[in-house]
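The listed protein sequences derive, respectively, from chains B and E.
Position one of the first sequence corresponds to residue 1 (the numbering used here), numbered consecutively onward.
Position one of the second sequence corresponds to residue 1 (the numbering used here), numbered consecutively onward.
Read the hints as simulated data drawn from the structure, not as lab findings.
One should not assume that every hint holds.
[As the list claims (entries may be wrong)] Far from chain E, some chain B residues (derived; all Cβ distances over 12 angstroms):
#1 V92
#2 D107
#3 H204
[Claimed, not checked] Within a straight-line C-alpha distance of at most 25 angstroms, the following computed SDA-like cross-link-like pairs (lysine to any residue) qualify:
#4 K79/B x D212/E
#5 K92/E x A62/E
#6 K92/E x A135/E
#7 K79/B x L100/B
#8 K194/B x G21/B
#9 K79/B x H210/E
#10 K96/E x L10/E
#11 K84/E x M167/E
#12 K194/B x E206/B
#13 K143/B x S293/E
#14 K143/B x V196/E
#15 K143/B x H198/E
#16 K97/E x H66/E
#17 K143/B x W246/E
#18 K79/B x G199/E
#19 K125/B x H5/E
#20 K143/B x Y266/E
#21 K92/E x L116/E
#22 K143/B x D13/E
#23 K79/B x S149/E
#24 K143/B x S149/E
#25 K79/B x S293/E
#26 K143/B x T11/E
#27 K79/B x R74/E
#28 K143/B x L206/E
#29 K79/B x D96/B
#30 K79/B x K92/E
#31 K79/B x P63/B
#32 K97/E x A67/E
#33 K84/E x A135/E
#34 K143/B x A195/E
#35 K79/B x Q95/B
#36 K84/E x A69/E
#37 K92/E x R74/E
#38 K79/B x K143/B
#39 K92/E x G36/E
A virtual CB, placed ideally from N, CA and C, is assigned to each residue, including glycine.
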Amino acid sequence: MRHRPRGENIIRFDSVGLRYGLGPEVLQDVTFALPSGSFHFLTGPSGAGKSSLLRLMYLGLRPTRGRVVLFDRDIATTKRYELPALRRRIGVVFQDFRLLDHLTALDNVALPLRVRGVRESEIQKHVPELLSWVGLADHLGAKPSTLSGGQKQRVAIARAVIGRPDLLLADEPTGNVDDTIAMRLMYLFEELNKLGTTIVVATHNELLVRRFAHLPRVHIEHGMVTKLREQTEPE
Amino acid sequence: MFGRHSDLPLTGDATSRFLPWLVALMVFMASMAVAGAFVISGIIDRWDHDVSGTLTVQVLPAGGDHAEAATDERVRLAVEVMRKVPGVLMVKAFDKKRTLALLEPWLGGTDVVQDLPLPRLIDVTVDSSIRLDLAEISERLSHAVPGASLDDHRVWLSRLINLSRTMQWLAVVVVLLIGAVTSATVVYGTRTGMAVHHGIIEVLHLIGAHDDYIARQFADRAFALGIAGGLMGLGMAIPALTAIGWAARRLEGGFLPSLSLSILGYVSIGLLPLLAAGLSMLTARLTVHGTLSRMP
Ligand SMILES: Nc1ncnc2c1ncn2[C@@H]1O[C@H](COP(=O)(O)OP(=O)(O)OP(=O)(O)O)[C@@H](O)[C@H]1O
Ligand SMILES: [Mg+2]
Chain B
1 MRHRPRGENI IRFDSVGLRY GLGPEVLQDV TFALPSGSFH FLTGPSGAGK
51 SSLLRLMYLG LRPTRGRVVL FDRDIATTKR YELPALRRRI GVVFQDFRLL
101 DHLTALDNVA LPLRVRGVRE SEIQKHVPEL LSWVGLADHL GAKPSTLSGG
151 QKQRVAIARA VIGRPDLLLA DEPTGNVDDT IAMRLMYLFE ELNKLGTTIV
201 VATHNELLVR RFAHLPRVHI EHGMVTKLRE QTEPE
Chain E
1 MFGRHSDLPL TGDATSRFLP WLVALMVFMA SMAVAGAFVI SGIIDRWDHD
51 VSGTLTVQVL PAGGDHAEAA TDERVRLAVE VMRKVPGVLM VKAFDKKRTL
101 ALLEPWLGGT DVVQDLPLPR LIDVTVDSSI RLDLAEISER LSHAVPGASL
151 DDHRVWLSRL INLSRTMQWL AVVVVLLIGA VTSATVVYGT RTGMAVHHGI
201 IEVLHLIGAH DDYIARQFAD RAFALGIAGG LMGLGMAIPA LTAIGWAARR
251 LEGGFLPSLS LSILGYVSIG LLPLLAAGLS MLTARLTVHG TLSRMP
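Here chain E stands alone, though its shape is the one from the complex (with noise of 0.2 angstroms):
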């Protein structure tokens, strides 16, 4: 790639000063974009792995003459909607006298106990590998069956997981905006520069040139040019990432799960310099390309 003998003056351009700060730049922040994308993906498969397995639902009492009938109609009614849901493989509901002996140990064995409302639960166990929306079954249990609802800690994780991935979309977007900021950037270098050697181009294309011969010679130098920014970016990148990490390590602790960047995650940010350049250096040859097209 670099060595390559080139018949063009690209060195001296204007390109050449300010591409690569532009790429260092959109490769900084594409940096951040991408470790908070790990980083959250982090958090939400700790997140993922809490909600999975099971899941309890609480149907409240029912009021009136036949109050214990009525509740267990309710119980019934809200097994019938978990097992119709994807994904759940196991419904089971405990009846008064289990619900009795799990709470005996807070409430005593009393007879008095008997006579109270007391609320019933469900145990369900759900496939682990199947992401289930809570927020959504919640609102179907509740809608179909009056007093029961999910359990609301994991609802709530639920939530957050659905927010945690519309981050992750936006990061992902993010990164898309910069790389076509710095496509356009570099059709915008690349034609200023042809219009700077129209007279060279020219000559090379009247001598019997290719048009790839000297659309190779503009890529060549734009993925020099990227090279040179991403590295200064990523050069950037890394010692602020490491300090977020850093204060953030101190701030840990209870809810925050950590925030540390995966391997993975710090091999796709030391190849963002190489993906800027390989998109550089494609653009410039096809914007070469293409206004070449319309010489004779």
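Only chain B is shown next, with the shape it has when bound in the complex (with noise of 0.2 angstroms):
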């Protein structure tokens, strides 16, 4: 993991525009800033855009206007063979986990760590360490298909990390989980902030923000950032 001088900014938005096609913009004039080592809640109702900003994080999309600034590094002025540099320092948690349904949860975890070429006796040594960190130790050769919802959910934050980003996005990660697993995924959030992950999870349960209320928020409406509480020191 990279060390970086806490409240240095890790990305950054400058009245950043995004429309999907001739659409309306989904994304309007959105300005902040995330400094490294943070821990953020990103949320608004549904359709607000929570996962469209995301996206931008993660360069699934360039926006159509304004500026991003991820790792120092104005992606615009990027060139295109040096973006899977970035791309590798960030693990994203999709809404939909987009797993690969042909691979076992071991093959599936692993992938970050093939593109990057790591040689196959580091990944049998700590991939399956992870799983079972994530309490899947049994289901080393599982496929997707024959794992419940929370199951697949921890694979798939299982491969988000993996890599030790220094950015960690994560899309409705509790979505799909007891109150009990959404705490526990919370609290693994957490262990990993406090290693320097800089972290944002995008919800809409308003309970959990509730619960952790000690967190900062970027609040989304409409396409705009409305709000943004800032942070303060756990009670």
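Since each chain comes alone in its own frame, lean on the hints to assemble the complex.
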């Protein structure tokens, strides 16, 4: 894990706008910055643009206007062949998991290491370790279709963190699980955050947001960032 | 190349079913064209050897009052024309006495023969390393000197050689077309595969895979399919060529030179599956790179 001084911005948006095709702008004039080592909620009603904002952050989309600066690099002027190196510093838990159905849990979690060209012996050592840490030691060879929603979610989270990312983006990671598991996942994220990973969790689960009231919050509504609750020390 | 790790489930794709058969057919047809080109090349070499070395120009005797002098003049002109041809080393006209001496065994040495209007012969030595267009020379000669002509049989052979060379080029064009069709099919198959596995490709892309990581998986698959198909095509071509060669040997003798294939010919045909697989691999790789370059 790279050590960055706390407070330096890991990502910054300047008047960012986004539209899909010729449709209306789903994000308008979005301006904010996330300090390195912070932990934010991204909240807002369904359809507000949370997933779209995350998509811009993990470089799955280019903004139609405005400026995105990620790891001190202006994305608009970064060469295409340099982007994979930036993407490898980001772990993403997709809203719909996006596990590869034909691969086992182990191979799914191994993917970020494989694309980096990590040796197979390393993979066979670290991946089972992480999977047992998220409680899936008995499901290393299971295909996603045989796993429950919560188990799939944990595979997705393991895949997002196996590469020790500097930035972890989680889209509704507690959507498919009961409250106990949701709480455990949040504690897991807090652990990672203490180790230095900057974290953004998108959710519309108000209960969860209230339980973790000490976490700052980026609120988005009608495509505009309307509220930014400042970080407070955990009570 | 094989056994390399792959994250994409490409083995079940439709391409896996039709590409090997297409490549097999293409390699079979390319084998025929290449074999044809090599056989023709062998024949040309043989004929080329026959027509190189020496040529004979025949000059018909002129009529009229000063027949003898006019014929001498024609011979002199013909010699001059032949000397100007590039690749001609020596031109030697036989005078009337030499001609008579040559004809003596057939006509006898009587005085009657002396007065016969006999054609004159000119012996031409040519550089055998240079290929002469005899048809063209013959045309120029008969145009410049009335009654002068090149030895017929050789001119005809020369025309045949020109025709054979055209057929050789045709074989080359056929092989190139086959390559283009194979490439186009691989492009289509790869694009289809990419559309089918779009979701997986996007995930690989988003977790930081370089384009080549994805392209390599398609390329490896295309190579494997190309080799399988190519070997199948070769398996069909070798018996077919052997059968044709066997049938040709039975017809052989007389005018047709040997139709058998040289070692180089067999080696070239043996390399065709590898060539087809390499082409498939390269095409798949470039196609994936082209498509991925449109992703953010
Ligand atoms: N691929 C797409 N093409 C066109 N429009 C899209 C696309 N993805 C999202 N949108 C539109 O953009 C807007 C924001 O969608 P987004 O998925 O970002 O919302 P969200 O806040 O994540 O919602 P949810 O809480 O339901 O996940 C919506 O109006 C949606 O219809
Ligand atoms: Mg969403």
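Results of checking the hints against the structure:
At the 12 angstroms boundary, the C-beta of V92/B falls inside the reach of chain E, the nearest C-beta of that chain being 6 angstroms off. The Cβ of D107/B does not lie farther than 12 angstroms from every Cβ of chain E; its closest approach is about 8 angstroms, which violates its non-interface assignment. Every Cβ of chain E is farther than 12 angstroms from the Cβ of H204/B; the closest lies at roughly 23 angstroms, confirming the non-interface assignment. The hinted pair formed by K79/B and D212/E meets the criterion: a straight-line CA distance of about 16 angstroms does not exceed 25 angstroms.
Taking the CA atoms of K92/E and A62/E, the gap is about 20 angstroms. The hint holds against a cut of 25 angstroms. Between K92/E and A135/E the alpha-carbon distance is near 21 angstroms, which keeps this suggested pair within the 25 angstroms criterion. A distance of roughly 28 angstroms separates the Cα atoms of K79/B and L100/B; the hinted pair therefore is violated under the 25 angstroms criterion. The suggested pairing of K194/B with G21/B is violated, with an alpha-carbon distance near 40 angstroms, which exceeds 25 angstroms.
Among the hinted pairs, K79/B with H210/E is consistent with the structure: their alpha-carbon atoms are about 13 angstroms apart, no more than 25 angstroms. Simply put, K96/E and L10/E have alpha-carbon atoms about 84 angstroms apart, too far for the 25 angstroms limit, and the pair is violated. With a C-alpha separation of about 31 angstroms, the suggested pair K84/E and M167/E falls outside the 25 angstroms cut-off, and the hint is violated. Restraint check for K194/B and E206/B: the C-alpha separation of about 24 angstroms stays at or below 25 angstroms, so the hint holds.
Distance restraint check for K143/B and S293/E: the Cα-Cα separation of roughly 31 angstroms exceeds the 25 angstroms cut-off, and the hinted pair is therefore not satisfied. This hinted pair checks out: K143/B and V196/E have alpha carbons roughly 20 angstroms apart, not beyond 25 angstroms. At roughly 19 angstroms between alpha-carbon atoms, K143/B and H198/E fall within 25 angstroms of each other, so this suggested pair holds. At most 25 angstroms may separate the alpha-carbon atoms for a hinted pair to count; K97/E and H66/E meet this at roughly 18 angstroms.
Using a Cα cut-off of 25 angstroms, the hinted pair K143/B and W246/E is violated, with the two alpha carbons roughly 57 angstroms apart. Using a Cα cut-off of 25 angstroms, the hinted pair K79/B and G199/E holds, with the two alpha carbons roughly 24 angstroms apart. Taking the CA atoms of K125/B and H5/E, the gap is about 18 angstroms. The hint holds against a cut of 25 angstroms. Taking the CA atoms of K143/B and Y266/E, the gap is near 49 angstroms; set against the 25 angstroms cutoff, the hint is violated.
Using a Cα cut-off of 25 angstroms, the hinted pair K92/E and L116/E holds, with the two alpha carbons roughly 22 angstroms apart. Note on K143/B and D13/E: the hinted pairing holds, with a Cα-Cα distance of about 20 angstroms set against a maximum of 25 angstroms. Restraint check for K79/B and S149/E: the C-alpha separation of about 72 angstroms exceeds 25 angstroms, so the hint is violated. Distance check on the hinted pair: K143/B and S149/E sit about 86 angstroms apart at the alpha-carbon level, beyond 25 angstroms; violated.
As the CA atoms of K79/B and S293/E are separated by approximately 12 angstroms, the hinted pair is consistent with the 25 angstroms bound. For the suggested pair K143/B and T11/E, the alpha carbons sit about 18 angstroms apart, so the restraint of at most 25 angstroms is met. With a C-alpha separation of about 79 angstroms, the suggested pair K79/B and R74/E falls outside the 25 angstroms cut-off, and the hint is violated. Between K143/B and L206/E the CA atoms are separated by roughly 21 angstroms; this keeps the pair inside 25 angstroms, and the hint holds.
Between K79/B and D96/B the CA atoms are separated by roughly 29 angstroms; this puts the pair beyond 25 angstroms, and the hint is violated. Of the pairs offered as hints, the one joining K79/B and K92/E is violated, with about 76 angstroms between alpha carbons and a cut-off of 25 angstroms exceeded. Our distance criterion of 25 angstroms between C-alpha atoms is met by K79/B and P63/B, whose separation comes to about 16 angstroms. Pair hint K97/E plus A67/E holds up; C-alpha atoms about 16 angstroms apart against a cutoff of 25 angstroms.
Annotation: proposed proximity of K84/E to A135/E holds, straight-line Cα distance about 16 angstroms (limit 25 angstroms). As the CA atoms of K143/B and A195/E are separated by approximately 23 angstroms, the hinted pair is consistent with the 25 angstroms bound. For the given pair, K79/B sits about 28 angstroms from Q95/B by alpha-carbon distance, which is inconsistent with the 25 angstroms threshold. Among the hinted pairs, K84/E with A69/E is consistent with the structure: their alpha-carbon atoms are about 23 angstroms apart, no more than 25 angstroms.
For the hint linking K92/E to R74/E, the alpha-carbon distance of about 14 angstroms falls within 25 angstroms, and the restraint holds. For the hint pairing K79/B with K143/B, the CA-to-CA distance comes to about 36 angstroms; that exceeds 25 angstroms, so the pair is violated. Taken as a hint, the K92/E and G36/E pair is broken in the structure, with Cα atoms around 40 angstroms apart against an allowance of 25 angstroms.
When each numbered hint is compared with the structure, violations occur for hints 1, 2, 7, 8, 10, 11, 13, 17, 20, 23, 24, 27, 29, 30, 35, 38 and 39.
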